[in-house]
Amino acid sequence: MLQVENLTGGYGKKAVVKAVTFAVKKGEVLGILGPNGSGKSTLLKLISGILSKQEGSVVIDGKQATDYSQKEFARKVAVLPQLHAHAFSHSVHETVSLGRYPHQSGLFSSWSKDDERAVNEAMQHTAITRYKDTPIELLSGGEQQRVFVAQALAQEAPVLLLDEPTNHLDIAHQQQLLDTIRKQAVDKGLTVVSVFHDINLASLYCDRLLLMDQGQIAAIGAPQDVVKEQMVETVYQARVKTQVHPELPKPQITLLPDTTGEIQPFTVTLEDFTVSSDYVALRTAGPLKTMSSAVHNAGTGWYRAFVNRHVDADYDSDDVKAEMAAYLEQQGFHGTDTVGMMTAVTTEHAEVECYQGDFGTVLIAVTAGVGNAVDVSQALHRDRAPRIGTINTWIIVNGTLSDEAFIQAMITATEAKTKALQVETIQDPLTGTIATGTSTDSLLVAATQQGEFLPYAGPITPLGKLIGHGVYDCTIRAIHAYKKAKGWTST
Amino acid sequence: MNKSSVAYIVSIATLLVAIWLGVSIGSVNIPISTLWNTAADATATNILWKIRMPRVVLAGLVGASLAIAGAAFQGLLKNPLADPYTLGVSSGASVGAVMTLFFGISIPVFGMYTLPVFSMVGAALTMFLVLGFARLVDHSMKMETIILTGIIFGSFLGSVLSLMIALTGEELRQIIGWLLGSVSMRGWNYVTMILPFVIVGSIMLWLCRRELNAMLFGEERAHHLGVNVRRRKFMILIGGSILTGAAVAVSGTIGFVGLVVPHMTRLLWGADHRHLLTLSFLNGASLLIICDLIARTIISPTELPVGVITAFIGAPVFAFIFYKQRRKGAM
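Taken in sequence, the protein lines are chains P and X.
Quick note on our numbering: the first sequence kicks off at 1 and runs consecutively.
Quick note on our numbering: the second sequence kicks off at 1001 and runs consecutively.
The set of hints was computed from the structure by calculation and includes no laboratory data.
For each residue, glycine too, the CB sits at the ideal point set by N, CA and C.
Do not rely on the hints blindly, as some may be mistaken.
[Claimed, not checked] In silico negatives: residues of chain P with every beta carbon more than 12 Å from chain X:
| hint | residue |
| --- | --- |
| 1 | Q3 |
| 2 | E72 |
| 3 | E94 |
| 4 | Q237 |
| 5 | E353 |
| 6 | G371 |
| 7 | T400 |
| 8 | Y456 |
| 9 | A485 |
[To be verified] Taking lysine-lysine pairs in the PhoX-like style, the calculated list, with each CA pair at most 25 Å apart, reads:
| hint | chain 1 | residue 1 | chain 2 | residue 2 |
| --- | --- | --- | --- | --- |
| 10 | X | K1078 | X | K1142 |
| 11 | X | K1142 | P | K71 |
| 12 | P | K132 | P | K188 |
| 13 | P | K250 | P | K183 |
| 14 | P | K250 | P | K228 |
| 15 | P | K483 | P | K419 |
| 16 | X | K1078 | P | K14 |
| 17 | P | K183 | P | K241 |
| 18 | X | K1078 | P | K132 |
| 19 | P | K132 | X | K1050 |
| 20 | P | K113 | X | K1003 |
| 21 | P | K250 | P | K289 |
| 22 | P | K241 | P | K188 |
| 23 | X | K1003 | P | K13 |
| 24 | P | K241 | P | K289 |
| 25 | P | K71 | X | K1003 |
| 26 | P | K13 | P | K76 |
| 27 | P | K289 | P | K25 |
| 28 | P | K14 | P | K71 |
| 29 | P | K113 | P | K132 |
| 30 | P | K26 | P | K250 |
[Claimed, not checked] To give a feel for the contact side, a few chain X residues facing chain P, derived at Cβ under 7 Å:
| hint | residue |
| --- | --- |
| 31 | E1144 |
| 32 | G1177 |
| 33 | N1213 |
| 34 | R1221 |
| 35 | G1226 |
Let the hints inform the model, and build the full structure from the sequences given.
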């Protein structure tokens, strides 16, 4: 739909955009990214003909842009500008109607039914019909921008060019606007080229991204091929990290601010643990990066309090999460700061131990009860509902873990736990085979993210060795304590 | 009936009433029926046809020209304070006119029309100088460039004017009288002289009515909407200058019509140029006819220059509008 070949140009004699070549297919949304002064807006102006090019060509719908008359071009390409001021008052309807200008010709050309239809549709799509007769200056910035989107849509051009359409808009308006544009692109097969300031927004809403650097293309491709740490760091000269989007396969970046001087170094020690009949708790001086299968604040996050709460075996609640949150607050834990687990085991029998390695220490805390022991390989045919977790394992590392290390730590810990059950010949009461765990075990790995960088936590890495040994050790001891409490053994 | 139809009907009715008043009221009151009553008194018919009618028509044309040019310039320059005199065209016309008075020039071919002809030539020369210079400074001819160039040329011509006035002896009164603006004692010849310019200029502007709407949102926006901005800009500037030059040539500088009329019209009927231009044209005609009526009757038998009346009414009205607008903006 839009082919740009070797496009070079800028203001006056100076070439801001140098030999840029790309093509956009019908129905595709292309985002143009780049640092300030990289030439992204200039590129858009060269395409829309506001600036005249020095070299190269712009082909729209199979025809050179320069071969179109001004009006013909406006029937092919609509442009949405950034927000701007205006001197005189126009109603919303009048403003949107201007989008029909390129479709009108002749001296007295009157307003046709088709014009009115296009204007009404455009106002509907942008949800501004109710402001029809309102003067635009009485609308908020977000609403005004929607009016101009409607104006551009009323042009009914197959190509839509946008220059930072969400500038100065709050996030709700950003979302509305881009959702609308995206929907139009999909429904009507519009070809959209938009300059973005915000890399994350561009990644979310574009099929492909074009990253400009000093007037040239640094990268072009699908968001995951352009929004890469290395790429963004080189072009923007900023320290960033990419992250996954929680719902979409679109990479997002986050800034890594320079706060090294502000972070107070701290280590977690055994003294930070409290063990009572109500719970095992850990409070740390600083937040730990945590990955867990807890009840409260599961998943990944930064937390400074950790609670393994004792509940009775017949504990029953309609909303476990809400009950747990209320319990934590009541016990004086700040909800957003705290990870919370539950166990039916007497928490006083918790095993908490500190293990010393070359890099630093690892603290392990385990509460174990094996009443609901399960052999996972035989679990397919069980139909019992899961009950309160019994083996809860915490691994607290004084060190800096990579994402891989977090997951490897979990594997290593699970293997150690299973081995402990095997050695203790814990049986699945239903199958009579050796159990691999219980029905609702929980695991938590947390790290201070200070000190030595530990990229891996497999069984033969320094960290993995400590975890394997520690978890095995603590689990065995916890099972012993459990057995003793139950009166199964005399030791 | 929609708003614009109402606007047209009201404006046309006002114009008809203005014409009726302008024709019938004066030192001798004459019923308008004299126009078509063949049995009417010959003197009355004479006054009506030879004096009142041409005067009213001329006032109407001058007022209409200034108002439509003002509306177009305000839209083009996106500046509510712009008026037909912004580009310095009227100064050029004035210099042309005052020169003929100052040097006592009278070219036989033109006879009594020497002054208006010189005046129009002055206006045309100024317009091309301003546009040419602006183009020289800035090839893309941004509006700021044009305004600044207009101001530069306007002040220069203004000083030429002052110089001539300073050096003037007994013709001073005549020059001042002309500068204050008047439509008295011109006759049908002046009407026929200005008419083609009014028609051409107005049509040029009217053809740009939709483009003016688009240009209100900025030249870049207009470009994106498919407007050939440069061509249209030229068309509007030249059309407006023709109208201004013609009006100044036949009546001197009559201030405030080009400023106030588009403003009031916009306030009453909205800023859509598809209607604003025509409505300003009609209302400008009405206003100047009424002002001229007041000028010649208020301290009768002495006549005041109509420019004094427009400024007298226009300045306070404008101040009021300005105050209201700023207050609205401050809220």
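Against the structure, the hints come out as follows:
Every Cβ of chain X is farther than 12 Å from the Cβ of Q3 of chain P; the closest lies at roughly 20 Å, confirming the non-interface assignment. With a least beta-carbon separation of about 8 Å from chain X, E72 of chain P fails to lie farther than 12 Å from that chain, contradicting its non-interface assignment. Some Cβ of chain X comes within 12 Å of the Cβ of E94 of chain P; the nearest lies about 6 Å off, and the non-interface call is violated. Every beta carbon of chain X lies more than 12 Å from that of Q237 of chain P, the smallest distance being close to 30 Å; the non-interface claim holds.
Non-interface call for E353 of chain P relative to chain X: holds, since the shortest CB-CB distance, roughly 70 Å, exceeds 12 Å. Residue placement check: G371 of chain P keeps its beta carbon more than 12 Å from all beta carbons of chain X (closest about 73 Å). With a cut of 12 Å on Cβ distances, T400 of chain P stays outside the contact zone with chain X, its closest approach being about 51 Å. Separation of Y456 of chain P from chain X is adequate, the least Cβ-Cβ distance of about 56 Å exceeding the 12 Å criterion.
Chain X leaves A485 of chain P outside its interface by the beta-carbon criterion, the shortest separation being 76 Å against a cut-off of 12 Å. Under the criterion of a C-alpha separation no larger than 25 Å, the hint pairing K1078 of chain X with K1142 of chain X is consistent with the structure, at around 12 Å. A threshold of 25 Å between alpha carbons decides the hint, and for K1142 of chain X with K71 of chain P the separation of about 21 Å falls inside it, so the pair holds. With a C-alpha separation of about 24 Å, the suggested pairing of K132 of chain P with K188 of chain P holds against the 25 Å cut-off.
Our distance criterion of 25 Å between C-alpha atoms is met by K250 of chain P and K183 of chain P, whose separation comes to about 18 Å. For the proposed pair K250 of chain P and K228 of chain P, the alpha carbon gap of about 11 Å is at most 25 Å, so the pair holds. Of the pairs offered as hints, the one joining K483 of chain P and K419 of chain P holds, with about 17 Å between alpha carbons and a cut-off of 25 Å not exceeded. In summary, the hint linking K1078 of chain X to K14 of chain P is not supported, as the alpha carbons are separated by about 30 Å, beyond the 25 Å threshold.
For the given pair, K183 of chain P sits about 30 Å from K241 of chain P by alpha-carbon distance, which is inconsistent with the 25 Å threshold. Taken as a hint, the K1078 of chain X and K132 of chain P pair is honoured in the structure, with Cα atoms around 23 Å apart against an allowance of 25 Å. For the given pair, K132 of chain P sits about 52 Å from K1050 of chain X by alpha-carbon distance, which is inconsistent with the 25 Å threshold. Proposed proximity of K113 of chain P and K1003 of chain X is supported: the alpha carbons are some 20 Å apart, at most 25 Å.
For the given pair, K250 of chain P sits about 23 Å from K289 of chain P by alpha-carbon distance, which is consistent with the 25 Å threshold. In summary, the hint linking K241 of chain P to K188 of chain P is not supported, as the alpha carbons are separated by about 36 Å, beyond the 25 Å threshold. Distance check on the hinted pair: K1003 of chain X and K13 of chain P sit about 50 Å apart at the alpha-carbon level, beyond 25 Å; violated. Distance hint between K241 of chain P and K289 of chain P is fulfilled; the C-alpha atoms sit about 16 Å from each other, no more than 25 Å.
With a C-alpha separation of about 29 Å, the suggested pairing of K71 of chain P with K1003 of chain X is violated against the 25 Å cut-off. For the given pair, K13 of chain P sits about 28 Å from K76 of chain P by alpha-carbon distance, which is inconsistent with the 25 Å threshold. About 43 Å separates the Cα atoms of K289 of chain P and K25 of chain P, which puts this hinted pair outside 25 Å; it is violated. For the suggested pair K14 of chain P and K71 of chain P, the alpha carbons sit about 29 Å apart, so the restraint of at most 25 Å is broken.
At roughly 17 Å between alpha-carbon atoms, K113 of chain P and K132 of chain P fall within 25 Å of each other, so this suggested pair holds. With a C-alpha separation of about 21 Å, the suggested pairing of K26 of chain P with K250 of chain P holds against the 25 Å cut-off. Because the beta carbon of E1144 of chain X sits about 14 Å from the nearest beta carbon in chain P, more than 7 Å, this interface hint is broken. A cut of 7 Å between beta carbons decides the hint on G1177 of chain X: the least distance to chain P is about 36 Å, and the hint is violated.
Among the interface hints, the one on N1213 of chain X holds; its C-beta lies about 6 Å from the nearest C-beta in chain P, closer than the 7 Å criterion. A distance limit of 7 Å between C-beta atoms decides the matter here; for R1221 of chain X the minimum to chain P is near 6 Å, and the interface restraint holds. A distance limit of 7 Å between C-beta atoms decides the matter here; for G1226 of chain X the minimum to chain P is near 3 Å, and the interface restraint holds.
Violated hints, in rising order: 2, 3, 16, 17, 19, 22, 23, 25, 26, 27, 28, 31 and 32; the structure is consistent with all others.
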